[in-house]
Every structure is written in structure tokens, then in C-alpha cells.
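There are 2 protein chains.
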Amino acid sequence: MEDSKLTPTANEDLEGYLRACRAEVESALDAWLPTAPDSPALAVEAMRYSLFAGGKRLRPTLTLAAADTIAGPATADSRSLVLPAACAMEMIHTYSLIHDDLPAMDDDTLRRGRPTAHVVYGEGMAILAGDALLTEAFQVLTRWPRTDDPGVVGRKLRVAERMALAAGAAGMVGGQVLDLHAAGQISTPGTSTVADAQQLTAEELRRMHERKTGALMRAAAVAGAIMVGASDTEADAVDAYARELGLGFQIIDDILDVEGAADQLGKTAGKDAAAGKPTYPSMFGLEESRHMAAASIRQAQAHLETASLAGPLIPLAEWVLARTH
Amino acid sequence: MEDSKLTPTANEDLEGYLRACRAEVESALDAWLPTAPDSPALAVEAMRYSLFAGGKRLRPTLTLAAADTIAGPATADSRSLVLPAACAMEMIHTYSLIHDDLPAMDDDTLRRGRPTAHVVYGEGMAILAGDALLTEAFQVLTRWPRTDDPGVVGRKLRVAERMALAAGAAGMVGGQVLDLHAAGQISTPGTSTVADAQQLTAEELRRMHERKTGALMRAAAVAGAIMVGASDTEADAVDAYARELGLGFQIIDDILDVEGAADQLGKTAGKDAAAGKPTYPSMFGLEESRHMAAASIRQAQAHLETASLAGPLIPLAEWVLARTH
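Chains as they are written, first to last, in the numbering used here: chain A, 1 to 325; chain B, 326 to 650.
Derived from the structure by calculation, the hints contain no laboratory data. All C-beta atoms in this analysis are idealised placements derived from N, C-alpha and C, irrespective of residue type, glycine included. Hints may contain errors.
[What the hints assert, rightly or not] If you want the footprint, here are the derived chain B segments under chain A, 3+ residues with CB under 8 Å:
no., segment
1, 354-363
2, 368-378
3, 436-449
4, 458-471
5, 486-495
6, 500-507
So that you can see chain A by itself, here it is in the shape it has in the complex:
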């Protein structure tokens, strides 16, 4: 790292910290994709098209920030432990965006300001690029750093299990299933009953988002803590933080979907409302939604403070609340 602003404890340093995290992640993603040199060029091109589309890199930043919150300012050694998990989380996030955008799902043609993968490469290749990124995440996590150290090997395995839980049927996939089902997009053999979007309660909406968005944010943050040797108490505090952060993030996302313009968001605005999808603003109004987001962010920070943890995760929560795109 070229500067010493790796572990800010005040907001003023945060922008520099976030930039440094993004740069580290971009550089590592660039080095590790593909992990295997004999991957067909077209597969690699499609994977990289979506992976290097200029995202916020929030999930890998959560991984790095959690590591720094537990272990203090990063060293080259500690970064080499944590960056594979950080990159894995971003690969899983990107895979989920590619698949969610497909015509059979949300049918979105614009993402991060560019045509979505299936628009550029066709549906078949987009499905495969997503599959490959999901798989590559486990490859990067299990492969790097190359070491037989039993402690590190054990941490990697715990993170892999945690990541699979977050991504799978009980996590992101399950959330998307609930989302599609609420939108009436799933055939249910043996019954003609399809849930109506209007019937989702606030509790069901929260549970859907906990799976779709929250699960991976929690896994990303906890991975950073685990990889630098957090105690169970510390890892639990980081998990509780990320759970509330994820909720706050989703509420802000819903608010931005109502208020934002496509050119700022880099994706189609007003999409949720147009699809008749339930959102926090549609359920609670904009004003109350803003209060709920702020309460979640405060609660996230409180979980860390209770465990006597202070570090970049604290201002990062403020940043999530204040984001405008």
C-alpha cells in the first residue's frame, strides 16, 4: 500500500480508504481472473465484461474493512490472507447480477451504465458467465494464498462454507426465488395459486431482502474477520453489524430506485415500481423509509461498539446511509 490511510477511524479519511480498497480489489480481480490459464477466451471475456463494469465493490470492501477492524492496519501479509475472500464475494455478487438481469428473471438491459451481459453476449453465454463466476469464487478462495498452514486452511474452509450458505438456497438464490414467486414468474405444478405482490407483508419483504442482499454482505464481512483470526465473539459482532448494514443498504436502494435517475444509478430507475414489486417506500413512504435506514445503520454501529470494536466499519456504515447511487 502506498499510503497510510488504510484504517481510518473518522469520516474524513473514509473516501481515501474506500478508494484504496477498491484499487486493491480491482488489481487482485485482474490478476486472478481467470485462475486457470486454459479457460476459453470468450468465457473469460464475458466474465470480465461484467466484473469490470465499475461497481462500488462494497462487498469486498466490507471484507477488507472487517479485517482491518479486527486486526488493525493492514500489512502485505494480512492482505494476502484476506483479498482472495474479498474477490470471491465480488465474483458471487457479479454472478447474481448477471443472472438476475436475464430475460427469464428481471429482464434488465442496463446495469452499471452498460448493456447487460445477455444483451452483449446472448442469453446462453450470460448464464454461463454467471455460472463460471460463481464457481471461480470458490476457486479463488480455496486456492489463494497457497499455503499448507493448518490455521489458514481451516479458516479458508470456514469461509467457503459460509459463502456457500450465503449464496445458496437459504440465501441469495432463495431470496431471488421468493422475489420471482411474488412477481408471479414461477410455474408451480399442481397448484394455480401464485402469490400476489401486494400480499407480501413487511416482515416477508425484510426476509426476502435478508436473503437476496443481506446474506452475502454478512458473509463478506465475517470472512474478513475470520481470515485474520477473529474470536467467535468478534465474528458474531461483525455478523450482526453486517446484517443491519444490509437492511439499511436495501432500504436506501429502494429509495434511490424511486428518486434516482438512470444516468446516476447506472441502471434502469423506477424499475421496481414498474414491475409492481413491493419496496420500502411503497410500503412505508419515503420519510419513514429514511428513518428506518438510519436506525439500521445506527444499530449496525452499536453492535460493533458493544464488542469494543472500532475501525473502518464504523464510518463505512455512515457512507452506506449517505450514498446517492
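Once you have looked at the hints, place chain B on chain A.
Just chain B, lined up with the frame of chain A:
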């Protein structure tokens, strides 16, 4: 295990052995899917629909047979080490079938004698069921058996890395990309050149199948060897065996696609020819294809014999050669 026929060394015992392996795998898959109890019921139903459609269970059987070939007759302890990896391989195989059958890929409506997942649940849910099975494979492998034994933890991580390599861009996904590309189903931005199916050379056909089919068979067999503590030499021999076995399997598959009837195959026959896909019979004729398959199977067995390995993998290779569906 209720009988003692777990490790046959002669063909006569093989059918009983295969039945026992299938029963063990079915029972474990049933117990482990879903791994997380709060997975949405609809997601679990769609995953199980494709997973319990009566497949041959060849890949998990390879895992168990490789373990028995290395370590001798199975015990409850050795099975608990190996079954998670075996089930993970079958989950990955099933995910790949679901995605390959999608309208955007091979557009198949019949698989293992039943309507394909997207016909029953819709495309969105079929994509998600595949995603979930791919993820669940890593979940099962990393989670079971629950142990902190550093030796077992290290083996699990090696198998997870190997499995990700086999499934990803350098393996199965890469093979399917080459397949789609040869069939002209992938948009290639910036160029109007699309490879013609007729232009695939025999070498390119082999390399495509090594990725699409061979990579996971190799990972499945090697996983069984690794989990019971095979030496590097032994694991390499099992890998070389599975590489040749996978090639032989694919040639037989192509022959059956020409000769078989849909009711026997449980999938649409003549599909490859209809799609203009290159196959071994279309390239070499049926007679020469049969010779090539037999040569691969003999070579597979020779790799084991060179490493002084004898066990169920030997007759299993004969069985792959003789299969009629």
C-alpha cells in the same frame, strides 16, 4: 452397509456394487438437500425434482469406487469421509444438466425420461435451481463430515479447489462455451465470425469433451482418492484413469445418441445430429468409434495397473464401455 459386496474385483459382483453405491448416494443426497432448513420450499422442490430423476449416479459412484480402490473395502468411517464429496459431484452434474437443457442452450424438453426443469418450473426457476445446486455442492463438501481434524480439513479444501477447477471456466463451463460457440449460439461483439460446427477438428472435439464431461469425472474420482488419503502417485493414477474413462464414456454417449431410442435413453435421441453437432460417429463412423471407446477403457485400466491399483474402478470401466443407456 448390509452386505459385503462393497469392493468387487470381478465383473460378476459389479452390478451389486453399483446398486449399493447408488443407494448410499441417494440416501445421503436425500439427507443433505437442503443443507439449510430455512431454504424456501419451492427452491428445494425444484432442486430435488432434477436431482432425484433416476440418473446413473456415475460420478458419485466414481468417487466411492476410487476410495475403495485406494483404501480397500469401505467402513462407516471411510464412507462418512467420502460421501459428501460424492454427493457434491452429483449436484454439480445435475446443475449442469439443468442449465444445458435451457432454451438458451440446448433447448431440450426431455431428460431422464421426464420433462426438463424449465418445462415444469419455468426458465427463471430452472436457472435458480441450477445455481442453487452448484452452490449446495460446495456447502455439502465443506460442511460434512463436521470435524476439526486438520488432515480432513486439508483434504476437503483440496477437493473443493479441484471441484471448482473442474466445474469452472477451464472445465465444464468452458466446454459448454466451446459447444455453444461451435453451434453459433454466442454473440461475439466486435466480430461477425462464428465458428462453423463442421470446422471442429477431432482434436478440438476431444478437448471440448474433456472439459464438458471429462473434467468432472476426473474430479469425482480424484476426490474419492484424496478423501481416503491417497498418495500423490495414487491420485495421479486415478486421475489418468478417469481422463480416459471420461473420453470412452463420451464416445459411447455419442454412439448411443445415434443408435438409441428415446424411451431407453430417457432423453431425446438423435439430438446431436439434428443440431448439426459434431460427434465421434459423425467424424469417425460407428465402427471406428467403438474401437476408440474400447481403447480408452483399456488405457484407463492400464493406468491403474501401472500404479499397482486393483479394485472396483477396474470392472467399472468395463461397465461404462458396455452400457446401453
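- request: Count the residues of the segment 436-449 of chain B whose CB lies closer than 8 Å to any CB of chain A, then report whether that count reaches three.
  value: holds (count 5)
query: With a cut-off of 8 Å between beta carbons, are at least three residues of the segment 486-495 of chain B near chain A?
result: Coverage by chain A holds here, the residue count being 8 at a Cβ distance below 8 Å.
field: Given coverage of the segment 500-507 of chain B by chain A, checked by CB-CB distance under 8 Å (3 or more)
entry: holds (count 5)
message: Three residues or more, CB to CB closer than 8 Å: is that satisfied between the segment 368-378 of chain B and chain A?
response: Check passed, 3 qualifying residues.
message: When I compare C-beta atoms, does the segment 458-471 of chain B have three or more residues closer than 8 Å to chain A?
response: holds (count 7)
Given coverage of the segment 354-363 of chain B by chain A, checked by CB-CB distance under 8 Å (3 or more): holds (count 5)
In this structure, none of the earlier numbered hints is contradicted; all agree with it.
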